[in-house]
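Student: Line order of the protein sequences matches chains A and B. Letter 443 of the first sequence, counting from 1, is numbered 454 in this note's numbering, and no numbers are missing. Letter 314 of the second sequence, counting from 1, is numbered 383 in this note's numbering, and no numbers are missing.
All the pointers check out, no bait thrown in.
Derived BS3-like pairs: lysine-lysine, alpha-carbon spacing no greater than 30 Å straight-line:
| # | chain 1 | residue 1 | chain 2 | residue 2 |
| --- | --- | --- | --- | --- |
| 1 | A | K468 | B | K75 |
| 2 | B | K101 | B | K245 |
| 3 | B | K72 | A | K202 |
| 4 | B | K191 | A | K441 |
| 5 | B | K315 | B | K263 |
| 6 | B | K72 | A | K468 |
| 7 | B | K72 | A | K465 |
| 8 | A | K36 | B | K72 |
| 9 | A | K441 | B | K245 |
| 10 | B | K75 | A | K202 |
| 11 | B | K451 | B | K396 |
| 12 | B | K101 | A | K441 |
| 13 | B | K75 | A | K460 |
| 14 | A | K324 | A | K386 |
| 15 | B | K75 | A | K465 |
| 16 | B | K75 | A | K36 |
| 17 | B | K245 | B | K191 |
| 18 | A | K93 | A | K324 |
Calculated from the structure, these hints are not laboratory results.
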Amino acid sequence: MLFNSVHFLFFFPIVVGIYYLLPYKIRNYWLLVASYYFYMCWNAKYLLLLLFSTTVTFVSGLAVERIKQMDLEERLCRRYKKMCVATSFILNLSILFFFKYMNFGMESLNQILEKFHIVLNTPRFDFLLPVGISFYTFQALGYTVDVYRDQIYAEKNFFRYALFVSFFPQLVAGPIERSRNLLKQLAEQRKASFDNFRDGILLMLWGYFLKVVLADRIAIFVDTAYGDIETYTGTYLLIATMLFAIQIYCDFSGYSVIAMGTAKILGIDLMENFSSPYLSESVAEFWRRWHISLSGWFKDYLYIPLGGNRKGKKRKYINLLITFGVSGLWHGANWTYVVWGFLNGIFQIIGDLLLPLKRRAVVLLDIKTNSLSHKMMKTVATFLLVDFTWIFFRASSIRESLRIIKRIVTVQNPWILLDGSLYTCGLDQKNFQLMIWGIILLMTADVCKYKGIKLRKVIAEQDYWAQCFLVVVFSIGILLFGIWGIGYDAANFIYFQF
Amino acid sequence: MRKINKILCVVISLLLFCQGIHVLSFLTENKKLSYSKTSEFIATGNEYDILFFGTSHMAMSVYPMELWKDYGITSYNLAGNGHPIAASYWVMMNAFDYSSPKLVVIDCYQLEGNSKVPDDGKFTHESFDAFPLSVTKYQAICDLFENMEERVEYLWDFSMYHSRWYELEHDDFEPKYGMGKGAYYNEFVEVPDKIPQIGQESEIELNSTSVVYLEKMIKECKKRDIEVLLTYMPFPAQEEDQLVAKCINYIAEEYDVNYINFLEHGVVNYNVDCNDSNSHLNASGARKVTEYLGSYMQEEYDIPDHRGETEYNSWNDDYSDYLVYKKERLQSKESLKNYIMLLADKNYSYCVFVRKDIRIWEDDAQYQELFVNLALGKTLNKLSDSIEQQEDYFVVVDNENGQVLECMGDEELEKIATSFGTLTYLSEKDNRQLYFEDNEEDYIIEQFEDSGEPEIQIIVFDNADGKIIDVARFDETLTYIRK
Chain A
12 MLFNSVHFLF FFPIVVGIYY LLPYKIRNYW LLVASYYFYM CWNAKYLLLL
62 LFSTTVTFVS GLAVERIKQM DLEERLCRRY KKMCVATSFI LNLSILFFFK
112 YMNFGMESLN QILEKFHIVL NTPRFDFLLP VGISFYTFQA LGYTVDVYRD
162 QIYAEKNFFR YALFVSFFPQ LVAGPIERSR NLLKQLAEQR KASFDNFRDG
212 ILLMLWGYFL KVVLADRIAI FVDTAYGDIE TYTGTYLLIA TMLFAIQIYC
262 DFSGYSVIAM GTAKILGIDL MENFSSPYLS ESVAEFWRRW HISLSGWFKD
312 YLYIPLGGNR KGKKRKYINL LITFGVSGLW HGANWTYVVW GFLNGIFQII
362 GDLLLPLKRR AVVLLDIKTN SLSHKMMKTV ATFLLVDFTW IFFRASSIRE
412 SLRIIKRIVT VQNPWILLDG SLYTCGLDQK NFQLMIWGII LLMTADVCKY
462 KGIKLRKVIA EQDYWAQCFL VVVFSIGILL FGIWGIGYDA ANFIYFQF
Chain B
70 MRKINKILCV VISLLLFCQG IHVLSFLTEN KKLSYSKTSE FIATGNEYDI
120 LFFGTSHMAM SVYPMELWKD YGITSYNLAG NGHPIAASYW VMMNAFDYSS
170 PKLVVIDCYQ LEGNSKVPDD GKFTHESFDA FPLSVTKYQA ICDLFENMEE
220 RVEYLWDFSM YHSRWYELEH DDFEPKYGMG KGAYYNEFVE VPDKIPQIGQ
270 ESEIELNSTS VVYLEKMIKE CKKRDIEVLL TYMPFPAQEE DQLVAKCINY
320 IAEEYDVNYI NFLEHGVVNY NVDCNDSNSH LNASGARKVT EYLGSYMQEE
370 YDIPDHRGET EYNSWNDDYS DYLVYKKERL QSKESLKNYI MLLADKNYSY
420 CVFVRKDIRI WEDDAQYQEL FVNLALGKTL NKLSDSIEQQ EDYFVVVDNE
470 NGQVLECMGD EELEKIATSF GTLTYLSEKD NRQLYFEDNE EDYIIEQFED
520 SGEPEIQIIV FDNADGKIID VARFDETLTY IRK
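One chain only, chain A, in its complex shape (with noise of 0.2 Å):
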C-alpha cells in the first residue's frame, strides 16, 4: 500500500478514526494490528521476516537486560553481552544478506571467477525484496545496541515492542527511528489534538507535494532523458541529472514527511530525516542533512565503533570511506551503489585535506566567508558534487555512469534551453513550467527552514478559518496537478527499493 494510492485514502481514516474510539489501553494493539495489515498488503508471506527479527531483536534485548542484573564479574558480563548483540546481528543480517545480497554477491564472485577462467554454476534466486526490510532490521538492531549500551531499559512488552518495529507511518522507508524516541512514546497515552491533527495534516499535505506535483513530473523528464541518451545528449542530460537530484530529494523527502504527518495525526513525533541538504556549504554538511536517521544510524552504529576520528587521520578516513562504502551497499545491490558511497567518503577526505589550504587561500585573498556570495558558491559547489554522485546512483551500471558522464561533456547543445527542444523531453511547456514553479516554491521552503523559520508554526500563528483555507486551497491544488490517477502507474516511491 503506497501513501499515494486510493487503498491509503480509506486505510488512514479508518484507522485514525477507530484509534481515537478506542480506550487508551488497547490503541497500540489496534496500531500493531494495522501495521501488520499494511505490511500484509504488499506480500503477506514476509511479514514473517517482520516477526522473526522483531522476536530475535526482542530476545536480545531481555537477554541483554537479565545479564545486566545477573551478580556476574564485568568482563564475563560484556562478554555474554556482546554474545546476545552478535547473534542478533548475525540472524538480522543474514536474512537481509540472503534477500538482498544474495544474488549480487554470487554475480561478482562469477565475474571474477571468470577472469581467472574459472566457471561457476550458481543458483539464481527469483524472490521479490521484502519491502522495507533494510529499514526495519536497522531499526530493529539499534534498539538491541541501544539496551547493550544502557541507553534504554529493555522493552518488556512484546506487542509495544512490535509496534515499534512495524509501525506503519516509517515500517518501509523509514525514518529509521530509534528506540529511546519511538518507545518513549508508544508507552505513552495520546490525546487526540487539534493541533496534532492541523500539523499532521500540513506534514502530509507537504509531502504529497513533493511526491505527486514535483518528484513524479520531474521522474517524467528523467526517465525520457536516461531512457534515450542517444537521443538526449548534452544539455538534457545535464538538465536530467541535476533534475534528478531534486527528484529524488521530493520523492524521499516526501515520503518521509507523509510519514511524519500520519504519526503526527496518530499523536507521535516521527524524527526529521531531511533539513534542506541542498543548502549544505560542504559534502560532511550535506550528510548531516540528508537521511539523517541514516546517516545518524550509521554515524551511531559504525563510525564510532570503527575508532570514528578518535585514532588519528589515515584511521579516520579508512573508517569514513568503509561506512559510506556499506551506507552506498545498503542503498541497493549493485556496484553503482558502492561507488555512490565510496565518492561521497572520498569528497569528504579531500573536502578535509584541503581544508589548511582553503583557510590559507581565505586569508590571503581576503575572502568574507560570512557574505552571501560565498556561502553560495560553497552550496553551488557542493551540490555539484553531490550531483555528480547521483550519476551512479541513477544509472544501471557504472558503464552507463561513464557513457552518460561522456555525453554530458563532450555534447555541446545548450541552444536546446532556448529553442523550446526542453519541451520535448517528456514535459510539455506548461508541465515544465509548473515543475519549475514547484521547485522555487521548495527551494523557498528549504532557505526558510535553514534560516531557522518554522513555516508551520507560522501557519498555526493564523486565525484557524486561514489554516483551514490554506489546507483546502493545497489540498485542491496537489489533487489538481499532482501525477496521479489512470495512466498514472502509481509509481513505487524510489526508497522502497532499498
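Put chain B on the given structure of chain A with help from the hints.
Tutor: Chain B only, in chain A's frame:
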C-alpha cells in the same frame, strides 16, 4: 466558543473542499466524451419516448433528429462504442433515473460476448461520466468492475481528468451539447468485405454473459411497462454474426418482443453505405435505417407525433442546428466519394455535371453506385448510357419535389421547373451554361462555365429555402477545387 469556532472552521473547510473539487471535476472533464454524448439527455430526460441502446452499430445507424423531422418521434441514442450488453444494461438503468420512455430499442450485436465493459476504458467513460453519482451509478460500476482502483476511476472521474488542467479552453467553461441526440455521424465510404452466405439450417446456441444481461434488460423494461424492440443493425456480417443474429429470434419469441434482423433486410446497400469495410454504416446507410425504423416504430407502437406541440418547440431549434452541422460537414469534404455519399440527403437538391472525358468509372465501380445513390431510390436512366457512350452527363435531383431530370451528350434542359427555381441547362455546343430562367444575366451559375478540363461539378441547394449552400468542383485527379 473556541471549540465551536474550530469545529465550524473544519466543517466549512470540508464543504469548501468538496465544492472546489466538484467545480474542478466539471471543468476538467473531457467534454468531447461523455458530456457531448449524454449530458443533453440527462438535462431533458423526460422528453424522450424512445431510447436506443447497443454498440457503435446502433449509435452510428439511427439518427434521432431525422426521426423527429419525419415522424415527430422524440428519441435519444444512448448506444456507445464497444458496449457489451452488460454495459448497455447499466446505461439503461441509469437512464431510467431520468427518463420513462415508451419504447426501448436494443441492438444485439456481440450478444455472444462475455465481457461486461468495452476493451477501451475511454468508451466506458464516454457512457458513464456524465451521469451524476447516484446509487444506480454506484451499482453499475461495482457490477462492471471488480478492481477498486478502476471503480474509483469511474465513480470519481476527476482521478483521470485532473491532468487536463493545462488544456482547458473556453468550451470547458461553457460546454455545448453534442449534435444529434447521441448519434454518431459517419462521413466516409469504404468498400465492404465480402459477405459469406450461411446455410438455412445453420444455427448456434447462445449462452453468454451478454444474453443474461439482455434478458435482464427485457425484464426490467417489462416491469416498467416499457415496450422493447430488438434489432441487429446492418453491416457486412461474417458467418458467426449472421448465426448470432438468427439466434436472437428465439429470445424475441421467448419474451414476446419484436425483432428486426437488418442482415436479412435489404435496407442498405453495403457498396455505398459502409463507413468501414466490416463494421459501421456511414451517414447514407444510417439515414436509410432510420427511415425504415421510424416507419416501423410508428406502425407497431403507440408512439405519439409531437410535431406542432409547443412544449417541443426546442426540438425544431435542435433540428435547425443539426442541419447546420450537416451542411458544415458536407462543405468540409474534399473527397468525391465522401462528398457524394453525404450529399445523398433529402434535405438537399442538387445539379451534377460529369464531363465525358473524366475517367472514374473504369477505375472504381463504386462511383457509379454512389451516383445512383444520389437519386435516393429513384432511377437514373441515362447514367449508364453516358458512361458507355462516353458522353457528358447532367442530372438535376430535386428532392423537394421528388423529381429527377437527366440529359447526356448535346441534350439540353430548357426552362425546367424545380423547387429552387426555373432552370436552363445548355450543353457544350452552346458554351455550357446553367442559369435560372427569371434573369439570365444575374443568375448564371458561373461555376458551370466549361473549363474544358475533365471535371465533375456539383451545385447543392438547401430544400428549406432553395438557396445554394455549396458548389463543389473536382478535377481529373478528383481533387476538390475550392471556389
